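> Spelled out, the chains give:
2 protein chains.
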Amino acid sequence: MWVTVRDLVGSCIKLNWVTLWAQVLYDFTAEPGNNELSVREGETVTITNQSIGGGWVEAQNSRGEVGLVPEDYIEVSYIVSVDVKSMEEMPAELIPRSVSLLQATNGNDPWSAWNADPSGGSTNNWASNPEGTQTGKSAPDPWAPVSHGHPQAYQGPGKKTKKKKTQIASGTMVVLLLIRKFCLVSLSRFPGFSKSGPELYLLCKQLVKGKDRLPIYVGEVGPVWSYPETQLDCVVADPKKGSKMYGLKSYIEYQVTPSTTNRPVNHRYKHFDWLYERLLEKFGSAIPIPSLPDKQVTGRFEEEFIKMRMERLQGWMTRMCRHPVVSSSEVFQLFVTYKDEKDWKMGKRKAEKDETVGVMIFSTMEPEAPDLDLIEVEQKCEHFSRFTKSMDDGVKEILTVGHEHWKRCTGPLPKEYQRIGKAFQNLSSVFTSSGYQGESTLTDAMTAAGKTYEEIAQLVAEQPKKDLHHLMETNNEYKGLLGCFPDTIGVHKAAIDKVKEGDKLVAASKITQQDKVTMAKRASTMSYALQAEMNHFHSNRIYDYNRVMQLYLEEQVKFYETIAAKLRQAHSQFTTM
Amino acid sequence: MWVTVRDLVGSCIKLNWVTLWAQVLYDFTAEPGNNELSVREGETVTITNQSIGGGWVEAQNSRGEVGLVPEDYIEVSYIVSVDVKSMEEMPAELIPRSVSLLQATNGNDPWSAWNADPSGGSTNNWASNPEGTQTGKSAPDPWAPVSHGHPQAYQGPGKKTKKKKTQIASGTMVVLLLIRKFCLVSLSRFPGFSKSGPELYLLCKQLVKGKDRLPIYVGEVGPVWSYPETQLDCVVADPKKGSKMYGLKSYIEYQVTPSTTNRPVNHRYKHFDWLYERLLEKFGSAIPIPSLPDKQVTGRFEEEFIKMRMERLQGWMTRMCRHPVVSSSEVFQLFVTYKDEKDWKMGKRKAEKDETVGVMIFSTMEPEAPDLDLIEVEQKCEHFSRFTKSMDDGVKEILTVGHEHWKRCTGPLPKEYQRIGKAFQNLSSVFTSSGYQGESTLTDAMTAAGKTYEEIAQLVAEQPKKDLHHLMETNNEYKGLLGCFPDTIGVHKAAIDKVKEGDKLVAASKITQQDKVTMAKRASTMSYALQAEMNHFHSNRIYDYNRVMQLYLEEQVKFYETIAAKLRQAHSQFTTM
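From first to last, the protein sequence lines stand for chains A and B. Here the first sequence is numbered in UniProt numbering, starting from 1 and rising by one per residue. Here the second sequence is numbered in UniProt numbering, starting from 1 and rising by one per residue.
By construction, these hints were calculated from the structure, which means they are not laboratory data. A quick note: this is a predicted structure, and the numbers were derived from the prediction, not measured. Misleading hints may appear alongside valid ones.
Treat identical chains as interchangeable: a pair holds within one or across any two.
Here are the simulated DSSO-like cross-link-like pairs (lysine-lysine), alpha carbons at most 27 angstroms apart as the crow flies [what the hints assert, rightly or not]:
id	residue 1	residue 2
1	Lys342	Lys422
2	Lys498	Lys205
3	Lys415	Lys389
4	Lys451	Lys558
5	Lys479	Lys451
6	Lys465	Lys240
7	Lys465	Lys558
8	Lys241	Lys270
9	Lys422	Lys396
10	Lys493	Lys510
11	Lys389	Lys451
12	Lys479	Lys422
13	Lys415	Lys479
14	Lys240	Lys205
15	Lys415	Lys516
16	Lys493	Lys504
17	Lys307	Lys504
18	Lys451	Lys396
19	Lys451	Lys516
20	Lys307	Lys244
21	Lys451	Lys422
22	Lys422	Lys389
23	Lys389	Lys498
24	Lys353	Lys339
25	Lys339	Lys479
Isolated chain A, as found in the complex (with noise of 0.2 angstroms):
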């Protein structure tokens, strides 16, 4: 997906592009005659076609030349103009992350006015803003609140604008503005401040009836979603290289096989891609949502990777499957089931039109059982959060462990144990030439015994594979689930924090107190959401653990016992003496 700024800030910031500009983050070396643009580290690029698509952007380096290159693999930047009048509506996550100015086009200097920061002063060197050439490059916490995220940022213009509003030329003043594709992207995973707060469901005046109400029963463990009589399964399978663009650009093609129809679908990553953000933008506020695999380009042809990534696709399906409000949704079923080009196409372009996305998803939930108060909400929230955080540091804390295993496995064990072989067969073949009559016997069990190491080597070698790897892919699937979650509480509350916020606005008159009663309502509904999510969660985690537990010690002790069997076998000839 390609955020652009129109639709993060358009609503309520008169913008205009002046120019896309990049800077390449990582070596990217073209794959010949596939039309693409090698790029080096640290250079600088202008993006000539953004709408390339599946990953893709058409950009220009300062020799010229132009080519596709990965858009993962730059920084884009956009540099727009706004009237400076606005700056004061700019939303408050936005600017603290991703603006810097970059020129006035009057003699004053409005950055001090909305910008405590002296280094914000420099007019017209972006570069020199510390701020800003960080932010891209450090990772955000996703579990820190959006609005702490940088604390010696510019803290939000609402109370500073108003502090200093003097200062500011008031007008058709025009400032320069640079924003980091980075910080779009991030802030479009923040479903909630991205479309909307959770007020405009919290207090919407009409709620979605018919095909799209999602029931919430209360089931033996709490809250649940309508499950399915039978669970849909879809098989990912047989990665075909297609072409398109007169065949200058290569894609790999699965078949998507859903357990329904039995027909196969066939999609690229890039369909995925579009899938997994359509379900984000739908569902992200009320259901974690995870990642697809990551994107790769270097390599992506080879089949190792071809194979890891239709494993992970398949991962992601099965669990999208497994979830009974994902899997019925039309755009998920569109997915799966489409019946042609052209009905695929309209799919899409219904999905991409669909207006029940954000927090709005929560006004097709109906739950049947009496309305929670707003201390039961919140300490569910609370239990949520503080579980979903400690479970996200023990899954990361088996993948550490788990990587190192792995490299010790697969680099130094084996190394160590075909040495032990090789030091027993050499001593053998030294005993061999002692001229020495009747040892034979002897040497011929140490050559064996030797033997027995480096199998044993192979082995350990081999072993990371047929166990750990289940046990890894597992968690890392974890890791990313436990990953939206903050994002999904953070949207409950805000919500929790707006219902609280109630009667102050009463008080303003900003709200009824319909309203009012209105919004705790709706809050409940939130909690009861979330609860038969985290229900589900719950359910599909224990399901899981268990399988993958199990999968991993039955390999174990096959592993244990290969090898006692195998040196027991070593052992027996030896002779007794």
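For this one, chain A is given, so just place chain B on it according to the hints.
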């Protein structure tokens, strides 16, 4: 054993002690109440009493403090004066490694006459001679021939002295020589050189008859020693702390019980050392006498050390008991069966006066087989030399690999299993906090799996003591044994060379024709002895490696089976859904 310069060169050089001076090689901290002296690396002390024994000398530091210091911790230099004329007769093996000129008593510089090294010309600062200071620190290569050990060293006095004879002042001129104890001890390990060359035996007039006779038979595998019907065995046990010098010095006494009398005798480490020196002196030219376990000073009263030393003394005793020639010798029998203190003292005195030592041991040997021709003798010797060198390499490889494996098994590997175990348990306790009902089966199983990996960590860390330990100890013993062969084989090669010179020596009337025939016959006897010894070595080697490999693999099988069983148990706790 405290080797004196007088022992080594007394016969050919008139010399007088001037002083005993020592440099401290390692820090040593005195044990309180043990009459010891703390010394620091690099410090200089004077030796006030070298006849303390048991690996100790009495030393005085620069502050006048006197106390006992372990002799291995210091490098003693003997400063002796010799008649300059005697320099011509100085054994070639001694000078290059150990003699530096300190000062001449007259104006001439006699050093320049017999050492081409310009730095040797400095007359009163021995430390300025880099050869001198380096020799003591670098470990000598036992496989390198003595005379080539030091490429830049003086090439032996015989030739150079002749060339530059005119430069040496004649008469009573005296020079001071610095002789490192290290070099003396090192030389003492070459029985062929320290006592006499093989010609002493090859040309001696009378051979030993009677009870000291050592027959060599020809068995199935070739020449063999005469083996007793029942093999002697000794148990080394029950280490007890004793003291002497009115309680000033403490020591550990071991109980040695031979299978013949079943009556225990007590021995300190220094008694074992005395026995070792006697056996080396008596049999070292024909039979590899492995060194005792290392002397160690710091922590020598610690339980772990005492246990390890006892185990190794046991190993050494067992090996000596197994040797038919060694175990039946008078000195060995004295050691294991002496009746009382008086018996022991008398036996000791007698053993120290034994004249059938060094190459003269061959005079007791009587092969019951036809004489071998020189070519055969030479081929056998070459073959044994190659074999023992290869086996030494093989054994060292196992020790190196085993050492690294030991470190991994007791260091990073168990830590990793522990971290895996902790990670499972941590995730399990996060799961427990979910509040979701009915997941105790999973969390109990995950906790159990985590604990299992902690148990595996402990098994891994303790395993080397159960299996690798024996493998390492056996190979260490063999490393010690094999380290004796270069000397033993060196004596044989020297004898072969002497026999080859036979015709020349007859022509020069240095020996008679009969002497030549005798020499060849005796070289054949030496070869039978070497073959009998090699056959003894081979038969023991086959037994030892069979046994140790069986033990190792047996314990390895148990180890892997135990882990597999533990994991199977952990696996069974997960439910199949």
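> Are the hints correct? Go through all of them and say.
Okay, the hints, checked on the actual structure:
Taking the shortest alpha-carbon separations for lysine 342 and lysine 422, neither the intra-copy value of 64 angstroms nor the inter-copy value of 54 angstroms comes in at or below 27 angstroms. Taking the shortest Cα distances, lysine 498 and lysine 205 sit within 27 angstroms of each other inside one copy (17 angstroms), while across copies they are farther apart (117 angstroms). Taking identical chains as interchangeable, the C-alpha atoms of lysine 415 and lysine 389 lie at most 27 angstroms apart only when they sit on different chains, with a minimum of 26 angstroms there against 39 angstroms within one chain. In the homo-oligomer, the alpha carbons of lysine 451 and lysine 558 lie at most 27 angstroms apart both inside one protomer (20 angstroms) and across protomers (19 angstroms), since each shortest distance falls under that limit.
In the homo-oligomer, the alpha carbons of lysine 479 and lysine 451 lie at most 27 angstroms apart only across protomers (24 angstroms), although the nearest pairing inside one protomer, at 41 angstroms, exceeds that limit. In the homo-oligomer, the alpha carbons of lysine 465 and lysine 240 lie at most 27 angstroms apart inside one protomer (24 angstroms), although the nearest pairing across protomers, at 55 angstroms, exceeds that limit. For the homomeric pair lysine 465 and lysine 558, the shortest alpha-carbon distances inside one copy (14 angstroms) and between copies (26 angstroms) are both at most 27 angstroms. Only within a single protomer do lysine 241 and lysine 270 lie at most 27 angstroms apart by alpha-carbon distance; the minimum there is 14 angstroms, versus 80 angstroms between protomers.
Proximity of lysine 422 to lysine 396 under the C-alpha cut-off of 27 angstroms is restricted to the inter-copy arrangement: shortest distance 13 angstroms between copies versus 38 angstroms within a copy. Only within a single protomer do lysine 493 and lysine 510 lie at most 27 angstroms apart by alpha-carbon distance; the minimum there is 21 angstroms, versus 111 angstroms between protomers. Only between protomers do lysine 389 and lysine 451 lie at most 27 angstroms apart by alpha-carbon distance; the minimum there is 24 angstroms, versus 48 angstroms within a single protomer. Taking CA atoms no more than 27 angstroms apart as the test, lysine 479 paired with lysine 422 passes between copies only; the shortest distance there is 18 angstroms, against 42 angstroms inside one copy.
Within a single copy, lysine 415 and lysine 479 get their C-alpha atoms only as close as 32 angstroms, which misses the 27 angstroms cut-off; across copies the closest is 24 angstroms, which meets it. In this assembly of identical chains, lysine 240 and lysine 205 lie within 27 angstroms of each other by CA distance neither inside one copy nor across copies; the values are 49 angstroms within and 95 angstroms between. In this homomeric assembly, lysine 415 and lysine 516 never come within 27 angstroms of each other (Cα to Cα): the closest approach is 69 angstroms inside a single copy and 57 angstroms across copies. Proximity of lysine 493 to lysine 504 under the C-alpha cut-off of 27 angstroms is restricted to the intra-copy arrangement: shortest distance 18 angstroms within a copy versus 108 angstroms between copies.
In the homo-oligomer, the alpha carbons of lysine 307 and lysine 504 never lie at most 27 angstroms apart, since the shortest distance is 57 angstroms inside one protomer and 81 angstroms across protomers. In this homomeric assembly, lysine 451 and lysine 396 come within 27 angstroms of each other (Cα to Cα) only across copies, at 19 angstroms, whereas the closest approach inside a single copy is 38 angstroms. Within a single copy, lysine 451 and lysine 516 get their C-alpha atoms no closer than 78 angstroms, and across copies no closer than 52 angstroms, so neither meets the 27 angstroms cut-off. In the homo-oligomer, the alpha carbons of lysine 307 and lysine 244 lie at most 27 angstroms apart inside one protomer (22 angstroms), although the nearest pairing across protomers, at 77 angstroms, exceeds that limit.
For the homomeric pair lysine 451 and lysine 422, the shortest alpha-carbon distance inside one copy (8 angstroms) is at most 27 angstroms, but the shortest distance between copies (35 angstroms) is not. Taking CA atoms no more than 27 angstroms apart as the test, lysine 422 paired with lysine 389 passes between copies only; the shortest distance there is 18 angstroms, against 48 angstroms inside one copy. For the identical chains of this complex, lysine 389 and lysine 498 are intra-copy neighbours only, at 24 angstroms inside a copy versus 85 angstroms across copies, given an alpha-carbon limit of 27 angstroms. Taking the shortest Cα distances, lysine 353 and lysine 339 sit within 27 angstroms of each other inside one copy (20 angstroms), while across copies they are farther apart (108 angstroms).
In this assembly of identical chains, lysine 339 and lysine 479 lie within 27 angstroms of each other by CA distance neither inside one copy nor across copies; the values are 35 angstroms within and 78 angstroms between.
Hint check: violations occur at hints 1, 14, 15, 17, 19, 25; the rest are consistent with the structure.
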